[in-house]
Amino acid sequence: MAGPLSSVMMIATAGLLPSGANDPQIGASLDVSANLVAVLDDYDSLPVIQQFTEIVTAAGGNVLTANTLITLQTVAANSLPALSNAIPEDYWGDLSAVAPGNVFQAYDSGNVFVGGFSGLISNMADNIMGGDDLTRFCQIYTAAEGYAGQANQFINSNLNVGTISSTFGPQNGGMDSVITGGFNQVTEAFGAFGSDLQKLGNLINLRSLDSLGSPVALIKQVIDQGGLLPSLNNLLRQAGLTAGQINSLTAGSLGGITDSANKLLYEGMTQITGDSLQQICAILGVTLPVGRSNARAPFADPTSTINTINTMADLLNPVKILPNSFFTLTMPTPDGLRAIYASQSGAINTNLEQYLSSTVTTVQPIESSLISRARQDSEIVGVSSADYAASLQRLSGARTN
Amino acid sequence: MSEYDRLKKVIPPDQALANQALSRSLRQVKRITESQLPAIANALSVMESNSNLGQINALDTPLPPSVANFWANTFATGTGAGNAITVSDTVGIAAGVNVNDQMPIVVLGIQSLADAGQLISLTANAGNAMSNTNGIYTQMQYCLANAYGAAPTIPATPYFAGGSFANIDAAFSAANGLIPAANTAITSITSVNSDTAGNVNAAWETMAAQIQLNQDNLIAAGVDIGNIVIGDWANSNIANNQQSVALSIGTRLHSIGLDISQGGASQFFTSVANVGNGSATGGSVAGQAVVASLREGRNIKLFNATGLGIDSQLSDVNANTPVANNLSQAQYSATQARANIII
Chain Y
1 MAGPLSSVMM IATAGLLPSG ANDPQIGASL DVSANLVAVL DDYDSLPVIQ
51 QFTEIVTAAG GNVLTANTLI TLQTVAANSL PALSNAIPED YWGDLSAVAP
101 GNVFQAYDSG NVFVGGFSGL ISNMADNIMG GDDLTRFCQI YTAAEGYAGQ
151 ANQFINSNLN VGTISSTFGP QNGGMDSVIT GGFNQVTEAF GAFGSDLQKL
201 GNLINLRSLD SLGSPVALIK QVIDQGGLLP SLNNLLRQAG LTAGQINSLT
251 AGSLGGITDS ANKLLYEGMT QITGDSLQQI CAILGVTLPV GRSNARAPFA
301 DPTSTINTIN TMADLLNPVK ILPNSFFTLT MPTPDGLRAI YASQSGAINT
351 NLEQYLSSTV TTVQPIESSL ISRARQDSEI VGVSSADYAA SLQRLSGART
401 N
Chain X
1 MSEYDRLKKV IPPDQALANQ ALSRSLRQVK RITESQLPAI ANALSVMESN
51 SNLGQINALD TPLPPSVANF WANTFATGTG AGNAITVSDT VGIAAGVNVN
101 DQMPIVVLGI QSLADAGQLI SLTANAGNAM SNTNGIYTQM QYCLANAYGA
151 APTIPATPYF AGGSFANIDA AFSAANGLIP AANTAITSIT SVNSDTAGNV
201 NAAWETMAAQ IQLNQDNLIA AGVDIGNIVI GDWANSNIAN NQQSVALSIG
251 TRLHSIGLDI SQGGASQFFT SVANVGNGSA TGGSVAGQAV VASLREGRNI
301 KLFNATGLGI DSQLSDVNAN TPVANNLSQA QYSATQARAN III
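From first to last, the protein sequence lines are chains Y and X. Just so it is clear: in the first sequence, position 224 is 224 by the working numbering, and no numbers are missing. Just so it is clear: in the second sequence, position 50 is 50 by the working numbering, and no numbers are missing.
It should be emphasised that the hints constitute simulated quantities derived from the structure, not laboratory data. A couple of the hints might just be wrong.
What the hints assert, rightly or not - Reference excerpt, derived from the structure (chain X facing chain Y, CB under 10 Å, subset only):
| id | residue |
| --- | --- |
| 1 | Val200 |
| 2 | Ser271 |
| 3 | Ala286 |
Ideal placement from N, C-alpha and C gives every residue a C-beta, glycine not left out.
All chains, full assembly: derive it from the sequences and hints.
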């Protein structure tokens, strides 16, 4: 059985541990960049720098006062600091953590110069690598890596927020749309809507939502779930579908059905009741109360106000199949989310027609239309005052539910 | 003709309108076509919204500008894509980032100044403390060596006015002393050789900026870089000999190898791996094993992508470890099972 570690990983890791690094056969895995050491040596070896280093070293040990020593170490800091190995004056404040007091900290008790700016680089590099203990480096690296990883999540998210911004706005419910994956544009009564959907089984094919409400799409869904029932076969033939069209339908195609044939299918569905309807609902997994005849279900809970599915055509009616939530449904429009139903009685919001019909040419923004009518009437045609108030609240983003 | 226009010829117009409106709503839901209705129904039953969170609902952008500016200005200070923070931004100085390429510019610049005789005001040395051609740095050395006495009298030169001072400290710090003279001389060198000085200063500041970037990010990471730089481990928050974190790094070498971004982890570890010159005798076997591990990690990724196998990972002998016999594992025997059946 393969383990996760390879031989080279084990050799490398031994060199991170003090016991391994001390073994000359293994050695230390990591060290300050050899190139860094070389370029710093090149600089420190310049005659003028060697000379200046000798000056500052000789000036230590209380030969010069502390203030004068500091002044000496900042020679040319604001003109050409490389000629005195000084920290650039512009960075005195910025590097206060690693070079306090604008110059190098007295690394030993004698206040002795330890190498100027190049010494700072060297010390920082040496000690980031842990000095003589690479486990110290591992701690520093792990902390740094963790910080960078966390910070980068915020940095990258901050950049990527533009992607969300392009579709974010009161038209689709703002932050609710973000945290609900867009379901807020369907309804905000998630509990009621979810409860209704739980009774629908596989009634709706989510892969062909553009066909929602189409009789032939419903028949295809039944066929997909349970095959072609005799009652549906009869219905299809009575609607005038050819054997080829029926075969095409059972093979998964929705094409080739004329609107007039589709209408005949719908009319036929209004005649499918009782046992046939029960059978279809069972195949689809629909658990709504089903009537045995074209009337309210005799066995339905008499205290229930839920409408009963009396014919197969009822399965195309949102009021019937979503009895607890249909009046909460909304549709996104350029003017914001709009109620699909104007009232809880099931009256449709005909204002939506302008957004869905290609034949309606006079498009007035629904909200301005509502406002102008509200100024004239206390009750807007097709829209109750309560729905109007809710609509206004949504526009202003002041939802209270 | 729209779907709605067709559908309202087929089913009652109000139902057609409702269905098409609902269809449009549902199609706003991300990846809804990849789901199933029962699964969505169950999820929706418990899905939550921003109900009663007025200020959240009132937001007209997903991130208010003040918040976006906060993150951009506070955290986005790195050199990675989109100002992301790279490994080099935190510990890159140890790999020579912005030093290995900048310090040679400095060395070359100073060498060129020296070769052109532009530094004699500092470094000229006639070999005699009393010479009137010595440079200021040279006079500083003589002064510290007591060549001018405890109350120094320093000769005048073309670069220093000379004078008598109460003590060595005054010879350096007085307004007419050696330090101000050095500053004046270097300012003159900078002015006369502005191009070279500009290049040297730019490189010097690039290195300073790298130190600052590492300093700031390590502080943000909670690392006590102030004490670490001076090797004061006892007062730093980094402990000695922490084997577990070293083991953790070791087990992640393959994944570290996969970060091949500029300034990323693989680049850093490659720079600090103790490989010597890559020969059989240079560096250490452990250092070369680090680089080998990084390469191995990248190869494993390649092999996994192509479906090929690689046998670099060692056999887990513990897979054959005997199972303990006191784990209280139990099953009904056939006899016990039969006895439990009610006839």
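Hints, one by one, checked against the model:
1. Val200: 5 Å, holds
2. Ser271: 5 Å, holds
3. Ala286: Cβ of Ala286/X sits 2 Å from chain Y, so the hint holds.
Violated hints for the displayed structure: none, as all numbered hints are satisfied.
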